[in-house]
Amino acid sequence: MAANDVVLKIKGLSKKFGITRANKNIDLELCRGEIRALAGENGSGKSTLLSQIAGMYGSDEGHMYLDGKPYKPASPIDAQENGIAMIVQELGMIGNLPSAINIFMGKTKKFSKGPFLNTKKFYEQAEEVRKKWDLPKLNFKRLASTMNVEERKMMELVRALACDPKILILDEVTQSLSQDNRQVIYRIIRRFKEEGRSVLMISHDMEETMRISDTISVLRDGEMIGTVRADEILENDLKRMMVGRELSGEYYREDKEVSRGSKVLFAMDNISSPTGLENVTFQAYEGEIIAFCGLSDSGIHDIGQLAYGLMKPTSGSVKLATEQGEIEIKSSMDGLCNKMAYVPKDRDGEAMMMKSTIEQNLILPSIEELHRSLGYLKQSDLDRLSIKAKEDFQVKCTGIHQKVNALSGGNKQKVNLGRWMIKNLKVMIIDCPTRGVDIGVKAYIYGCLKEAKKQGMAIVMITDELSEAMGMADRIIVMKSGKIVKEISRNEGFNEESIIEVMI
Amino acid sequence: MKKIRILDIMPILIMAILIVIFAILSGGNTLTSYNIGNLVMQMVPTMLGSMGVIFVIALGGTDISIGASAAFCATIGALIANTINISAVYIPITLVMSTAIGALLGTIVQKCHVGSFILTLAVLIAAKGMMNYLYATVMVPTPSGMSFLATTSFAITVLVIAVVVIYFVFEKTKFGFYAKCIGENEKTVRCVGINVGKIRIMCFAISGFFAGVVGFIQLARIGGSSNSLCNMLEMRVQMAIFLGGILTTGGFSAKIYKIILGTITISVIENGLTVIGASSYISEAVEGILLVAILVITIFSNRVADKKAELASIAEMEAAE
Amino acid sequence: MTETINDGKKRAGKTLLIMLACIIALLIIINFIVEGKLLTFSNIRVLIQSAAPSCLVAWGFLIVFTGNITDLSPGSVIIVASTVSGLMCVQFGLAAMLISGILTGIACIVFNFTLYRVTKVPPWIAGLGMTMIYEAIIGAYAGWCTNNMKKVVTLSGDQRAFGTEPGIYIMLIIGFIIAYILYNRTGWGVNYRAVGDNEEVAKIMGINPTKTIIIAGVAAGFFFGFAGVVKEAYAGFSNAASGLSSLGTIFQAMAAVLLAMALAGMINVVIGVPIACFIIILIFNILTLLGVPSGTFQDTILGMILIAFAVLANRKTKGVVK
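Same order as they appear, the protein sequences are chains A, B and C.
Taking numbering that gives the first Met the number 0, I'd label the letters of the first sequence as residues 0 to 503.
Taking numbering that gives the first Met the number 0, I'd label the letters of the second sequence as residues 0 to 320.
Taking numbering that gives the first Met the number 0, I'd label the letters of the third sequence as residues 0 to 321.
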């Protein structure tokens, strides 16, 4: 393609978050009418790069050129005015305003005479955009909080298309959509190509990536590995490019057989929840790792809350084996006091007290065992436990009195897991154990899980990463819209395509 | 070695400066033994009240109903004791009522998601209304034989016991630890599996209990109920807590020694203003300005300290890489 | 989809109608009990007039609460605005009264909002500090007046045009129109509601939260200043407050806003505010007619109403509440 066809050119772009380098020296050229996919493992820096282009994050180093002119978006609105619109993975919206106002939020000047708004025009314009791009019908007067995930995605799409973009950025848009609406997205992508506009996209679905895109750029650990033509590369070669090193054998389990005890330690019996789970039943055995997989709205993350008694099921029961025999978990205290643990997904927001010290975070789950009569906590007991945990789990820090928010993501995760692992646990529910940590810490965490399994702990791992589930689990349970749709044992051999097929 | 941060010594510094300023302004009148005795007696209700409210502050909430609740419960307690002519029920009734009100408030915050500030403010108004009614309709003297409650030695004894017990409960037990953890991040405590609701209700109940303690002592000292009984107690307690350098978000910034410092500071200010003969509006303005200024300074210096710690650890990590 | 929404609206409308019918039935019964003193033309007129100042205050609070700001200093700000406007009225006449009152309100609230925004001090506690300061300012002035054997400010006759018939009705209607347009029909109104709902998302959508909130200070300050003027004109005098007693003066308005927010699903909040105000004034009128003394049990009931409405308004709230 000729050089003047280049619409967006990126040179040496870098971005740091605290001490983690999300992007290092990225170069990229995007042509008019090109559909470019970004591929790479979680944490490879794809989303960061797209967010930089769309003006959500600034850049520490490097330059971008749009149509040959320097381009430095100050905000997403600035990017939209320059013709670059993005649909983000986890969207935010203003729940108590109608969707049409959400669509034009931040751009309301167009609809005002002086300070006054012409609210009618909002709905007309939104409808106009919808018709122009032939999108499914939407009621623009509804409050955004009353819309479901798909409708909100469509609302976001209208918001992005309303600025008539030259470049449309899609960050994992299709994964939460039904087939009909996926077709809508594919149609829009094709139309962009015909009209000489460009698309930048991320999709976790490999097959989709290869089918839709013209070219694929591969990122790994924040670095640009290379760009290939989609019709010239095989899926397996692409995967090798993404993973790079032959890492998979090293940190995951190497055995291909189920290995577990015969005693059931934990069971969920016919659980239904107010959030839409229906009749979920499973047993976890001694020394078994069960992985729950599913799309973000499949309800897998509710499993943890229900299992630990944090959410009351509408029907069914949760059972835990203890030394005194089987008990039913009615409140979270039942789990805490009977060798069970729950590690939530949102580490910084839910699992940790960010502004407290390492010690305070480490001792929190052990207080019920540490205290003496009258609830007395002896400082030396606390220190002993936290120093042991800190050393056992190799937390890199200046001391147990350092504040947690000063630690790197990996070390935070070590504190988060370590405080449970030093307890003599029988059952552990863990939601996304390796979210936001680098490869070294990942390997370390898998090591801990393997060790715990050897000790006979039953581990229920809820994960968004299929490779992790396939690498670690004895059994994978796939969920879709609140129901268990498939259960695969390690003996049968895990196969990525077949799992994705049932997930969607 | 722990470094001494400016933030940690700031309350002591402010207290010392204020003592000196008022001593100079009053020509030494604030330092007479008579005035110091006065000052100590002024501190008793504030410190007793804050011993309870500190638990709610640790949660990240607040309780400004204590003044009105103290007055109302003590009045009802005395009224019943006088009516049935058994003085011994005065204290138990007062404490049970005030603790129950506290527990009820905790329950409403927990179950109905109403902010503790608005809720306790509404209770303050409601209880004040009842007090005005009682004041206008019945005379409630101190129950007979209860005048020993008014003595200085009794008040000091109660205060010392309260401080020792609360120091133990707040700083050295799992209950105090959990309460502070809730202030740091309520979701964490919930996800770990601890019953947040129970702890919250107990914290409010303790706050109510101490309101009752202040109530029965203050009523005895005035000699009977009055519609100005325990007026502004809640504001003095708030001021004491924040002057001591405790963050409004609670958590591990809440410490008993800070309350003691804060109580002394606010009492020195109020007493000093009275001794130098400042009018009520000047006193109010000084207190208002101090409250805002101290809050700004506490928050600002905490932010600076956090930032510094973060930068230091980033540098350290990078050096280690 | 569209049908279900219309159904929803119809259902909400029906509930509203049933509620109204119940209220009217209840009123007729109570009217009977109090021997017909409630539903007389002159009594209703008196009620509307006494609801007017707190209605203006309530619109101000609606703006304050929409931004998730719990600032209780407006009670004292209103007293400052009342006194200033009264003084200006005596000196320079009605126009000066209106302008000076409103400007005072705006200046105070914008100062507060800027303080909260810049220093990140939680508004509820800093607001109490500001209340003490504003109370002290007026207290100092009142003290000076007493020392010089003067009355603080008293208005009479034509000077009270904004607070007597028909002026007070006009003020109420003007307030309503401004509140409605600001809240529903301006770019700022939409942006501000977005900031109050989710500041992070609003920021990504290109809104400048600080600017929006400071403008909110202007809008809320306008209403508090305006309320101060109407209050001064309605009563003819204003009392200084001390020891946070100004907090008590805004409770009716706060209860009204919370009620309007609880009814937000059925009726636009800006319209809900005057209705809620009237209902609350009505309740107190009934209590008075039933012989419940004001200042005592009425305050108790006010506190309970406030708690009840706060529970109602927060019934859908999830997550952490401090």
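Derived from the structure by calculation, the hints contain no laboratory data.
Misleading hints may appear alongside valid ones.
Quick look at which bits of chain C chain B covers, simulated, 3 or more residues with Cβ under 8 Å [as the list claims (entries may be wrong)]:
#	region
1	155-163
2	189-201
Simulated pairs of lysine-lysine, DSS-like, Cα-Cα distance not exceeding 30 Å [as the list claims (entries may be wrong)]:
#	chain 1	residue 1	chain 2	residue 2
3	B	306	A	338
4	A	106	C	149
5	A	311	B	307
6	A	106	A	318
7	B	110	A	344
8	B	306	A	112
9	B	186	A	395
10	C	149	A	112
11	A	23	B	307
12	B	110	A	387
Now the stretches of chain A that chain C is said to cover, found in silico as 3 or more residues with beta-carbon under 8 Å [as the list claims (entries may be wrong)]:
#	region
13	55-67
14	270-278
All figures in this text were calculated on a predicted structure; none of them were measured in a lab.
Positions of the beta carbon are idealized from the N, C-alpha and C atoms, including for glycine.
Numbered hints the structure breaks, given as an ascending list: 1, 2, 3, 4, 5, 6, 8, 10, 12, 13, 14
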